[in-house]
Amino acid sequence: MPDLEYYVKSEEVIDFMSGQPEMSDSSSLLGFIASPHGLDPSCSHGFDSEDNSYEKAISECHLFRESPQFVEGVLLKCTDKKPLFPYLHFCHFQSQDHSHRIREINDCIRMCSTNNTSLYGSYDEVYSIQKTATVLEQRLPTHRHAGYIVVGFKLLDDATKQQNLERTWLSWSGAREIYKYSPRSWNLRRISLLRHPTMSRNDPMRPFIYVLMCEYGSILHPSNTIQAMDMCERLRVRNCGHIALYQVHTAYNSSNTTATNILSESTSALSSSSSSSPPRRTTAARLTSTSSTTSQTSSMKRNPMMRGLSQDVETHSINTVDARRNRLRLREKSFQYPDDHYHTYHY
1 MPDLEYYVKS EEVIDFMSGQ PEMSDSSSLL GFIASPHGLD PSCSHGFDSE DNSYEKAISE
61 CHLFRESPQF VEGVLLKCTD KKPLFPYLHF CHFQSQDHSH RIREINDCIR MCSTNNTSLY
121 GSYDEVYSIQ KTATVLEQRL PTHRHAGYIV VGFKLLDDAT KQQNLERTWL SWSGAREIYK
181 YSPRSWNLRR ISLLRHPTMS RNDPMRPFIY VLMCEYGSIL HPSNTIQAMD MCERLRVRNC
241 GHIALYQVHT AYNSSNTTAT NILSESTSAL SSSSSSSPPR RTTAARLTST SSTTSQTSSM
301 KRNPMMRGLS QDVETHSINT VDARRNRLRL REKSFQYPDD HYHTYHY
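Take 1 as the starting number for the sequence shown in my numbering and just add one per residue.
Mixed in with the good hints, there may be bad ones.
Think about it this way: if two alpha-carbon atoms lie no more than 30 Å apart in a straight line, the pair counts; the simulated DSS-like pairs of lysine-lysine are [what the hints assert, rightly or not]:
| id | residue 1 | residue 2 |
| --- | --- | --- |
| 1 | Lys56 | Lys81 |
| 2 | Lys180 | Lys131 |
| 3 | Lys154 | Lys131 |
| 4 | Lys180 | Lys161 |
| 5 | Lys56 | Lys82 |
Beta-carbon label-pair distances, calculated as ranges [as the list claims (entries may be wrong)]:
| id | residue 1 | residue 2 | range |
| --- | --- | --- | --- |
| 6 | Cys232 | Arg110 | 30 to 38 Å |
| 7 | Asp322 | Leu63 | 54 to 62 Å |
| 8 | Leu156 | Ser99 | 25 to 33 Å |
| 9 | Arg167 | Glu66 | 37 to 45 Å |
| 10 | Thr117 | Pro183 | 30 to 38 Å |
Source of the hints: derived by calculation from the structure; they are not laboratory data. Just so you know, even glycine gets a beta-carbon here, dropped at the ideal spot from N, CA and C.
Build the full structure now, drawing on both the sequences and the hints.
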């Protein structure tokens, strides 16, 4: 059983948990998706180019949720202007056998078409700090204002003593500063230190050995965004790891449950299948794939749009267009000047 200590500070009860990962029944998959090289964010005509990283991330979400050990996951999107890893997978896998969980996660990673710059790996939680009010709420956040401050670390020497290093994790990871200076309005829910179980020089991917996940309930509320970005900049000056602020983009469960899309504009555009569709919601929209909804959506599909016309605007009849054309011609000739006025030149 993990050691559990209680701390009372700022009128809140905090749980500090530590223990052996093998005693837990849950492991995590983290996938840092790197942006493809040579991707221009916009073309010469001002239209956004195709986001290959997003298409890759969505396809991998469907792949992960098909795993029998998969429980839930979120796709996070980086808020930086030019991020090193635009998207991040954070998935939970559950099983009583630790080796079986790690093997299942590694099988899912092998099925992903990862490149040399993307970093995927299985992780176990070794330390965590969370509010007692959120102990019973183990589900990942789904609100669009929720987000994570993610800090990733790589070790230069494989022979580093992990036990001595993990004892001082509050200092070198920045967890103490994050917990101390996070405003109450950000709704800090949990700080977790995740560790990659294997360390090998022969691993071509070389993922982060330690990842600090700081979960917030409303860090990306419009009134908190600027202050959150400022904290990340301060952490970049202090720490030597990869630091980024991520927003919850898509939350999804196992394949037999529904998925929740938070910020995907493409999905919301596809869901407006009728011309009288309601305005796009600002809260999370539940996406169900039942047969009745599919048949109803297919029956309400709009007809193919003609070039230059919108089906939301009623087309005028031919007689109306001809009458308007005749009036325009009469207006052009009604300047009240004689015809010979333009045949003389005045010097």
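Violated hints - listed by number, lowest first: none
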